[in-house]
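Student: All chains should be built: construct the whole structure from the sequences, respecting the hints.
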Amino acid sequence: MKIAVIADIHGNDLALEAVLADIAAQGIDDVVNLGDHFSGPLNAARTADILIARNFPSIRGNHDRWLVSKAPADMGLSDRSAHSELQPHHLDWLRTLPPTLVHRQEIFLCHGTPQDDLTYWLEDLTTEGVVHMSSRQRIEGFAAGIDFPVILCGHTHIPRAVRLADGRLIVNPGSVGCPGYDDDEPVFHKVETGSPDAAYAIISKMQQRWDVTFRRIPYDHMIISHLARQRGREDWASALASGWLDG
Numbered sequence: 000m001k002i003a004v005i006a007d008i009h010g011n012d013l014a015l016e017a018v019l020a021d022i023a024a025q026g027i028d029d030v031v032n033l034g035d036h037f038s039g040p041l042n043a044a045r046t047a048d049i050l051i052a053r054n055f056p057s058i059r060g061n062h063d064r065w066l067v068s069k070a071p072a073d074m075g076l077s078d079r080s081a082h083s084e085l086q087p088h089h090l091d092w093l094r095t096l097p098p099t100l101v102h103r104q105e106i107f108l109c110h111g112t113p114q115d116d117l118t119y120w121l122e123d124l125t126t127e128g129v130v131h132m133s134s135r136q137r138i139e140g141f142a143a144g145i146d147f148p149v150i151l152c153g154h155t156h157i158p159r160a161v162r163l164a165d166g167r168l169i170v171n172p173g174s175v176g177c178p179g180y181d182d183d184e185p186v187f188h189k190v191e192t193g194s195p196d197a198a199y200a201i202i203s204k205m206q207q208r209w210d211v212t213f214r215r216i217p218y219d220h221m222i223i224s225h226l227a228r229q230r231g232r233e234d235w236a237s238a239l240a241s242g243w244l245d246g
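Under numbering that gives the first Met the number 0, the first residue of the sequence shown is numbered 0, with each subsequent residue one higher.
There may be inaccurate statements among the hints.
As the list claims (entries may be wrong) - Each pair of labels, with its calculated beta carbon distance range:
id : residue 1 : residue 2 : range
1  : PHE55     : LEU90     : 38 to 44 angstroms
2  : VAL186    : GLN229    : 39 to 45 angstroms
3  : ASP165    : LEU76     : 18 to 24 angstroms
4  : VAL101    : LEU76     : 32 to 38 angstroms
5  : ARG208    : SER68     : 23 to 29 angstroms
6  : GLN104    : ARG162    : 18 to 24 angstroms
7  : MET205    : GLY144    : 25 to 31 angstroms
8  : ARG162    : ASP73     : 38 to 44 angstroms
9  : GLN114    : ASP183    : 35 to 41 angstroms
10 : VAL67     : THR125    : 31 to 37 angstroms
11 : ASP146    : GLN229    : 36 to 42 angstroms
Keep in mind the hints are simulated off the structure, nothing from the lab. Here a beta-carbon is modelled for each residue, glycine too, at the ideal position from N, C-alpha and C.
Tutor: Structure follows, in structure tokens:
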């Protein structure tokens, strides 16, 4: 059994199409989607059309939640940009998405942690805003009570897998469409993957054991970078061009 895992598309329709083409080339037709679908200065509406047509098992991320719960005037720049493109039926689709989901009775889907879509799980921050791998105790703590052999999360855009002490596998597939960002909460920090490629993961089960393969897919990322620059978002333009926020 093989299942493709996508997350954090952020309105990047070209990256999504490249990832979906690679998934098809792998002969995989089972795909799960971990949220944060549209937020960003890119092509939110076209991304929505692609996802709604595919009807993958999907959950909502924090930005999806904000897109349907906040007034545009109260949104951040990326959410406001996406909201201006989305049609009512796109927002209605977001409203149907649950915060967590169980797929095939073995795979638990969440965006941040099982308890909260805003909390980093496999990564943590120092008080100075340095992103680092989370501690074993913290990772195990968030997994308490999640009695499934595979747990999937997104949110940080950093591909990573952790095998828990009892053998459960936690996987963050990385971001399809946003290879770098900064955030002011809980302290200012940057997340930079160092590559403009689209990222996703393939989880596979053989003889009752689950494993993961991470995929990085090149696509014409400069088209999307130029679009972000045209829309006044130099931070996005830099991240999309290089995977770094400083160009």
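Student: For each hint, tell me whether it holds in the structure or not.
Tutor: Status of the hints after comparison with the structure:
1. PHE55 / LEU90: 38 to 44 angstroms: 18 angstroms, violated
2. VAL186 / GLN229: 39 to 45 angstroms: Because 31 angstroms falls outside the window, the suggested range is violated.
3. ASP165 / LEU76: 18 to 24 angstroms: Violated - the Cβ-Cβ distance for ASP165 and LEU76, about 42 angstroms, lies outside 18 to 24 angstroms.
4. VAL101 / LEU76: 32 to 38 angstroms: Hint holds: Cβ distance 34 angstroms, inside 32 to 38 angstroms.
5. ARG208 / SER68: 23 to 29 angstroms: Hint violated: Cβ distance 40 angstroms, outside 23 to 29 angstroms.
6. GLN104 / ARG162: 18 to 24 angstroms: 21 angstroms, holds
7. MET205 / GLY144: 25 to 31 angstroms: 27 angstroms, holds
8. ARG162 / ASP73: 38 to 44 angstroms: Distance hint for ARG162, ASP73 holds at roughly 41 angstroms.
9. GLN114 / ASP183: 35 to 41 angstroms: 22 angstroms, violated
10. VAL67 / THR125: 31 to 37 angstroms: 33 angstroms, holds
11. ASP146 / GLN229: 36 to 42 angstroms: Violated, at about 48 angstroms.
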